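Visitor: Chain by chain, the residues:
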Amino acid sequence: MAQVRLEKVSKSYGKLETVHGIDLEIAHNEFVVLVGPSGCGKSTTLRMIAGLEEITGGTISIGDRVVNDLPPRARNISMVFQSYALYPHMTVRDNLGFGLKIANMPETEIKTRVDEAAEILGLGPYMDRLPANLSGGQRQRVAMGRAIVRNPDVFLFDEPLSNLDAKLRGQMRVEIKKLHQRVQTTVIYVTHDQVEAMTLADRIVIMRDGNIEQIGTPSEVFEHPVNVFVAGFIGSPPMNLLDASVTGDKAVLDDGVEVPLPAGCNVREGQQIVLGFRPESFAPKGHSLHGDAGALTLRRVVAIAEPLGTETILYVSLGGMDVQGKMLNPRVVHPGEELDFTLDLTRLHVFDKAFGRSVRA
Amino acid sequence: MSRLSIEKPWQRWLIRFGVFVAMAILCVPGLWVVLTAFRPNIEVLARPAVWIPQNPTLDNFARLFGLSSAQQGLPVAQYFVNSLVISITSTLVAVVIGMAGGYAFARYRFKGKATLFLAFMLSRTVPGVALSLPLFIIWARLGIIDTSFGLIVVYMAINIPFTIWLTDGFFRQIPVDLSEAAQIDGCTPWQAFWRIEFPLARSGLASAAIFAFLTSWNEYALASQLTRTTASKTMPVGLMDFTAQFTVDWTGMSAMAVLIIIPALVLTFIVQKHLIAGLTFGGVK
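Going down the list, the protein sequences come from chains D and U. The first sequence begins at 0 in numbering that gives the first Met the number 0 and counts up one residue at a time. The second sequence begins at 0 in numbering that gives the first Met the number 0 and counts up one residue at a time.
Don't take every hint at face value.
[As the list claims (entries may be wrong)] Chain D side only, calculated, beta carbon under 10 Å to chain U, not exhaustive:
#1 R46
#2 G50
#3 P71
#4 A84
#5 M89
#6 F97
#7 L99
#8 L155
#9 C264
#10 A292
These are computed hints drawn from the structure, not numbers from a lab. Nothing here was measured: the structure is a model prediction, and the numbers come from that model. Just so it is clear, CB atoms sit at the ideal spot from N, CA and C, and this is done for glycine as well.
Just chain D, with the same shape it has in the complex (with noise of 0.2 Å):
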């Protein structure tokens, strides 16, 4: 059993705080995704988690054991670096189970678990190959194998899909996923890339300037960001996020437009918010994602129709700035053209906008 526990961690570079006490709480055989803009301290969080970074403050634990001031050797967890870090001197063999001499394990049993690790990776043909004579998706697996021989009780992921082109990268995150169910592990996975997170998180732990924004299941994040920064973070388009004031039970936006506010908002009159709806909220008459009942029509000029195949995304003013829609079964939308644009009020997103807090029920 291997739950990973963060109290109150921070990590400070002389004066300057980078990671300001944050707590978090992982099941055993969870995967958890760090995600954030770059800065945002979640590699400095996981390699404090590895023992490659000092802690300035807080206790780390792995399973029962505080690792505080434990190197990374004892603290059996395993890592996939981003520049995968393979040994250019060894071969593949050498490299899978370099942690396993260095453990003095028998030569047989080596290579019974290194057999295995290429087995489950389909890295056969490639044992005797240096790392130089390596695709980027094998030297990847390689990375991967590397961790799983030593059957960690935590995986640590360092951006590691980052080298590859987008399709590598799907085919990878695909494994990764694969692999997890089959070793059945700890992980904490760190990326800027929120589809990853998304696909990949059992929960998913939302990081800006040091902080946790949110920790929750992906479709809580998607469905219920607590803050305009998560809210703008997840989801591909991103949410659109309007300026808005409270007038009696409506939002009125910058161009007059008025907004019927979900019951239950805990906001008071002339307040300034910012309103959030997701482009699958927002689209031409009959060609939305939850139907069109309860929904606000508002009728509007295409600025500019992007057509991806089984959806259009569309751009249209409103509240004085470019909002993006989302028309699914489109038909084809020519610039300038007039549609009757509806949004659906059940899916209202309502921060304050001093602080950016949802202040929705």
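Following the hints, put chain U in place on chain D, whose structure we already have.
Guide: Structure of chain U alone, referenced to chain D:
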């Protein structure tokens, strides 16, 4: 690339000829020394000059080691041993310290790092001979004039900044990730260094070693000041033993020059394959 390739045969031959002439000019003096080492004295003094030795002989070499009937009282064997001991010791120490220093500069941050590095490099700009007088006086006071130890210390001082600079560059090329990966794989930092970083930096260390060795092996100016007797005289200094008040023993001097060249040449060939860097490519990205 194709723009630079030379298409026409006559152009190719012209270039080959040019290279031949240049190489001939460069190599003739060296070749002359080697040829002279294998000819009897009478050919050296012949006018006009005899190019190819007519009566090639190993007598000059035999003479150096006192094996010839014509006895010569030069302790060349002792000079050779002195040179070896001094060069190898100073090289080993310089490489070990240079490796430690280079690693520290490449991997760690510490106060005054940039200044220290600059100071090391500046020390390379001072010509050694300029310091020979103060060195002589200090060494004399310390009582290490005419000892191997005295010369070893001087050569270490010359070589260490250079080996630090060279190994720093090589360690910088090795991504930190590799050492970190090894530590996660179960290594202590010490093990990670010896099993991962050291093998990858080996070519750099080999080139540092050969440069240090050749510097010590060939150095003349300081050695001529700081050595006096067979206790510490090195081969280059020993060359001057062949000049007497009125005569110069050209054949003996040439034979000894060949002896000086051979170890350097052999060593370069042995280490040559390590000089080809590029082993680290591929492990990362």
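Visitor: Run every hint past the structure and note whether it holds.
Guide: Here is what the structure says about each hint:
The beta carbon of R46 (chain D) is positioned within 10 Å of a beta carbon in chain U (closest approach about 8 Å), and the interface hint is therefore held. Annotation: interface hint on G50 (chain D) holds; nearest CB of chain U at approximately 8 Å, less than 10 Å. Below 10 Å, beta-carbon pairs count as interface contacts, and P71 (chain D) has one with chain U at about 5 Å; its hint therefore holds. Among the interface hints, the one on A84 (chain D) holds; its C-beta lies about 4 Å from the nearest C-beta in chain U, closer than the 10 Å criterion.
Look at M89 (chain D): its Cβ gets to within about 9 Å of chain U, closer than 10 Å, so that hint holds up. Because the closest C-beta pair between F97 (chain D) and chain U is about 6 Å apart, less than 10 Å, the hint holds. For L99 (chain D), the shortest C-beta to C-beta distance to chain U is roughly 8 Å, which falls under 10 Å, so the interface hint holds. For L155 (chain D), the suggested interface contact is upheld, since its CB lies about 8 Å from the closest CB of chain U, less than 10 Å.
Annotation: C264 (chain D) was flagged as interfacial toward chain U, and the flag is violated, the nearest CB pair being 48 Å apart, outside 10 Å. Of the supplied interface hints, the one on A292 (chain D) is violated, with its beta-carbon coming no nearer than about 52 Å to a beta-carbon of chain U, more than 10 Å.
Figure legend: structure checked against the earlier numbered hints; hints not met, in rising order: 9 and 10.
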